[in-house]
Structures are given as C-alpha cells and as structure tokens.
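Chains A and B, in that order, give the protein sequences.
Just so you know, we're using my numbering here: the first sequence kicks off at 1 and counts up by one.
Just so you know, we're using my numbering here: the second sequence kicks off at 254 and counts up by one.
Worth flagging that the hints you see were computed from the coordinates, not collected in a lab.
Please note that a few of the clues may not be correct.
Straight-line alpha carbon distances no greater than 16 Å define the calculated EDC-like cross-link-like pairs of lysine to aspartate or glutamate that follow [said to hold, decoys possible]:
1) B:K578 <-> B:E640
2) B:K361 <-> B:D340
3) B:K359 <-> B:E425
4) A:K62 <-> B:E640
5) A:K94 <-> B:D678
6) A:K125 <-> A:D232
7) A:K69 <-> A:D130
8) A:K94 <-> B:E322
9) B:K543 <-> B:E437
10) B:K671 <-> B:D643
11) A:K196 <-> B:D678
12) A:K69 <-> A:D183
13) A:K69 <-> B:E640
14) B:K543 <-> B:E500
15) A:K193 <-> A:E215
This one's a predicted model, so the numbers in the text were calculated from it and none came from an experiment.
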Amino acid sequence: MRIPGQLALLVAFVSAGSVFAQAPQSPPAASSAPAPAAADAKGTVPNTTEQRVLACAICHGKNGEGARKSEYYPRLAGKPVEYLYNQLIGFREKRRSSSPIMTYMVGALSDNYLHEIATYYAGLKPPYPDTTARADAATLARGQELAMRGDKARDIPACASCHGTGLTGLLPAIPGILGLYPDYIGAQLGAWKDGKRNSVAPDCMARIASRLNGEDVSAVAAWLATQPASPDRAPLAVGALKLPMECGGAPGK
Amino acid sequence: MNRMLVAIVLVALVVGGYFFYRYEAKTVVPEGAVAEQSQVVRGEYLARIGDCYACHTARGGQPYAGGLEMETPFGPLYTTNITPDPDTGIGTWSADDFWRALHEGKSKNGAFLYPAMPYTNYTKVTRADSDAMYAYFRSLKPVRQTNRPHGLSFPYSQRELLLGWRTLYFKEGEYKDDPAQSKEWNRGAYLVEGLGHCNACHSARNMLGAVKPGDEMSGGLIPVQNWYAPSLTSSKETGLGQWDVKEIVDLLRTGVSARGAVYGPMSAVVQHSLQDTTLSDLNAMAVYLKSRAQSGGEPAAPTQVAPTTEQAAAMMTTGAKLYEKHCADCHQPDGKGVARVYPPLANNQSITMSFPINPIRIVLNGGFPPSTDGNPRPYGMPPFFQELNDDEVAAVVTYIRRSWGNAALPVSPAEVVKARGVPTD
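Please model the entire structure based on the sequences and the hints provided.
Set out below in structure tokens:
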C-alpha cells in the first residue's frame, strides 16, 4: 500500500527538519543490505561505503584526490559534505549538465545514499597533487588581484570573500578552491557562463562568472593553481563570513 | 544535543500540525470523503504501476508537470503537464476525458495522441482503475507549466495521419480475463500488458515506431537510447523460464537478484514504479511472465561484422588477461559474482544475448543499480571508457560471452565504436 499523501507530507517535513538541523545522516537500515555471499575464495564483500563507491575511484582516485587523464577529474576529498551533496543532486537533477556520465552514474541513487557518499569523500585527506600552472608574472598578478580583492568597478567580488582568505572554503557548502588544475577551474567558470553548470537559485557563481572575461578566467585559474594547498587546512566554520551576495547553493550565510 | 532538541521540536510541531490539519479537514470535508480518499490512494498506486512519473516528469522538474524531452527517430516529443492546473495541465478534464486518453488515445479536444503515450497498452485498463487514477491526479497540487510544442519532422508532425497508424497498430479494448488461467495469472497479464506497458520497450519497433501484432515483448533495441530490451518471451534471452518466481520478484522490487541487476532504463522503472508494487501483484506479474517465457521463439540475431576464428581466439587471450586485472575482484575469477552485490556473468543472459550492445555499454559506462527500499546503497561498477580502448573492450566482452559455459558470438571492435557514440543521458 502507498502511504497517504498527508502522511507522506509529514514524513517529508520530519526529514526536512533533520537535514535542517544538520543531524548526521544515519545510513539507511542495514537489515536490508545485501548479505555478501561467501561462495568464493575471497570471502565476503566489505559492507563499507568505500567498497560501494569503488566505481568512482577509476576517475576521481582511490582517495578522492582527483586525476588528470584525457579529461580532468576534480578532487573530492576534504570538500564540505553539503557542497559535494549539492553537486551530486545537481548531476542527478541535471542542473550540472556538462558531465552526462555523472548524471548517468548517480541518476537512480537516493538522497540518503548520495549524502553518505558526500560524507565519505569529505572525510578523506590525501595529499594534494602539484598543480602549478605556467603563466607569466602579469597574469598571476591579475589573478591574485581578482581572487583576493575582486574588481569593485565591475562588481566582481573577491574569491576570498566567500571561499575565505585562505581559500579553503566555508562550511556548510562552499568548497575550497586550491589544489585544483587550472583547466578544471577554467572549465567550471566557463560552464557557469554557458549555463551548463547551475546551482540552486539565486546562482551567485553564475552571476559572477557572467562578469568575467576570458583573460580574467585564465588569470584567476592560473593563480589559484599555483597556491600551495594542504589537506590539513579545513574549511571555515559555519557563519565565519558574511557573504557579499545571495547564494542558493550555500544557505546559512 | 541541540540538534536533538531542534529535531524533537520540529517533530512535535509537524505532528501537532498534522493532527490539527486532520481535525480541520474532518470538520469541513463532506460525507463520502473517506471513500474518495481511498480512491486517491488506489489511484496513486495504479499511477505508480503505470510509471506515469517516468515520462511526465523532467529531471529536476516538478512531478507530473511534464517537459521531459523524448528523443524519437521522428524528432523530439515533449511530455505534457498532467497536474490539475486548469490552463496548462488537465485541470479542466473530466473523468470521461481522462478515460478517453487512456482507452482511446485521444486528447480532451479529440486530437489523436502520439503513441509515445502507451495507450496501446493503457487501453486494457478498466474504467474503475482509470477513475481512481483520475482522482489521484486531481488531488495533486496544480503546477503551472506550459506544454512545449513537439519538434516532430514532417509528415510525422501531422497528427491526423495517426488515423492510418491506429488502423494498423491500435486495438482498443479493456483486458478480458482468460478463463482457462488462474486469477493470479490474469492479474499478472492485466498489469504486464496494461498499466505496466512492458512491451513498450521489450519489443522491436518497425519503421513507423509500432510493435507488430505477435511481436509483443519479443525483445528490441530501444530507439535512440540504444539499450537492447531483452525478449520476455524467449526462454533464452531473459531466461525467465529458468528463473524462480522469487528471483523475478527480487529483481523487480529491489533492482538486484541472485541472477543479476537491472541497468539502463530499467533502473528508473524499478525505482519509480516496480519497487512500490505489492508483493502479490509482483508475484502475479512474475507468474504471467514465466508462462510467456516458456512459449516464445528466439529473436533474430543482429547483423554484425563477425570476427574471424583467429581474431576471436586472440581476443579470448587478451580478454582473459583484462578480466583478471579489471573484473575478477568483483565478478570473481569463475564469473559467478557475489549474489545481489556483483552480478554473475556466467549464465547471465544479459551478457550472452544475441545483441551485444548492453554488455559493451556496461563495460564502457559502468553504473549503479537503483537505490530501492530493498537495496538502498547499491554497489557500483566503474566506467572503463578511458581505461580500455575499442580492441580491449571487444576482447573482454568476447571473453565474458564465451567463458564458464557461456557460448555467445564474439563481438568486434566496430560494435564498441558504435556504442561509444551513444549518449549516456
């Protein structure tokens, strides 16, 4: 039998409440988890998130460190849980349409499971790769200016105003932006400009990206990539910054 | 602790609000409301079995507000808003109008519906079930979302031409019980042939997008999506004849069974429709499907560039090495997999069926079975599209199609090239 609509509403309210309260997501009942068969020499399959999402490692690395192949695969490790969760939902709902394989991979996975996956990657701390970009001093200076001070005349806020002066992100949902390959950063800003990456409205990053020209994007991507990153530098605590604009993807400013 | 408090307060508020709402509702709702409410609940259940959600909801869109783009060989169709909004949905439709759409394939204004709406199946639905679904859709919150005009090319854009199509391929009429069969079998047949519209995918379609009479559920390549929906009547392809009823029910209800996992478009069918179907209805469907699988013939094999004997032997050697390196950890060296976690490849008809597109695409794209109540945290498979080149994919797929007792034809790298071009979403 289906639950009546009103009851469903009740359940929805209660679960919305628990998300709002940032209650830790308990994994769904384990009783229904498949019992691994032990018919093989290798014994049982580990009943862990790590084993379940091994599929992701082929692109994003065993510890979510990211990889650069014929395409670039961003680092997932250490990013805020709610940021990763927003991205997974964004792929599933096709707000991020620039990576159809991601929509395919997570297209039939539940909110709870995607949150579990986000939590898993947020807790990993592999070392950062060397992302140093080749760029001349003038470009780097321009990138630094935009990243740390922005451009008031063009209404472009500094990266640091939301991602923190250490650029390590802000809980619950703004990611750190160091240790990423410049082509990844450039492509994300481009996707926002082209409408292929969308956050929940109001989409602050889309607004900012629309004000950047191609040279701005290259400069800021190159400078960010040359900054040293460390897995031990955590995102800032909830409420540590007052955001300069409304961000639907990062509530609780 | 604070979180706990907030949660408790929220629960108290919501529960209180709920009872207050119920109390309020009781005081204003007239007699007969209870019967109406139970009809809405039944209608919701039937709408789930019909999987109306799958097509009438865009990714990330409002449920049942339409707007999903359906690519067809004749151009794109955009599904319609079936929420009760009077201007953009079906708010002005009567129960008769709704019945006519399901039963006759006609819109409220009498225009023929395109058969992407599976009224060739829904025509079998009883009037009582149609009325319950109508009550359910009337109970939804109206969503104002204007339907997008279809992008069909000429002459398919001329709806009147559907008259000819309907004369050839549409037989109107409610499901009639077969008195020689059990009540359970008839219930299964009613659901599989009617609301379940299984044959919409599991049948070959001709040049006019129609399923020829007699070809129902005999397997077919889904146009544009290019997944092969296996035959449900051939004992060889889906092997349902060999499956236990429980294994069929497990697969439909949870997305995984000891025999294998669902993938491709079937994932969404399990997630949005079948997992909510009652066990007795699933049992009935399985009983009916099993009886059909005893009788059917084998589907025609596709034409493909067959590798020579020497090429096939070389592919088996390479394939064995690749299998050991990339696949054996999960699917096991003997290809038996791990029940309900990693699908078996030995004696798995998804691997060995004549059309090799599905195993090729799964090697290229990997994937996760759907999250369901019975399997909420599925184990996934990585995509190998970057890791393996066309020759290697052909080799490993050939290997799994011809090992551990599997005896299917080898596949050529040309098939892999074709599969790489298919969009994943």
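State the violated hints by number, sorted upward, taking the hints as numbered earlier in the document. none
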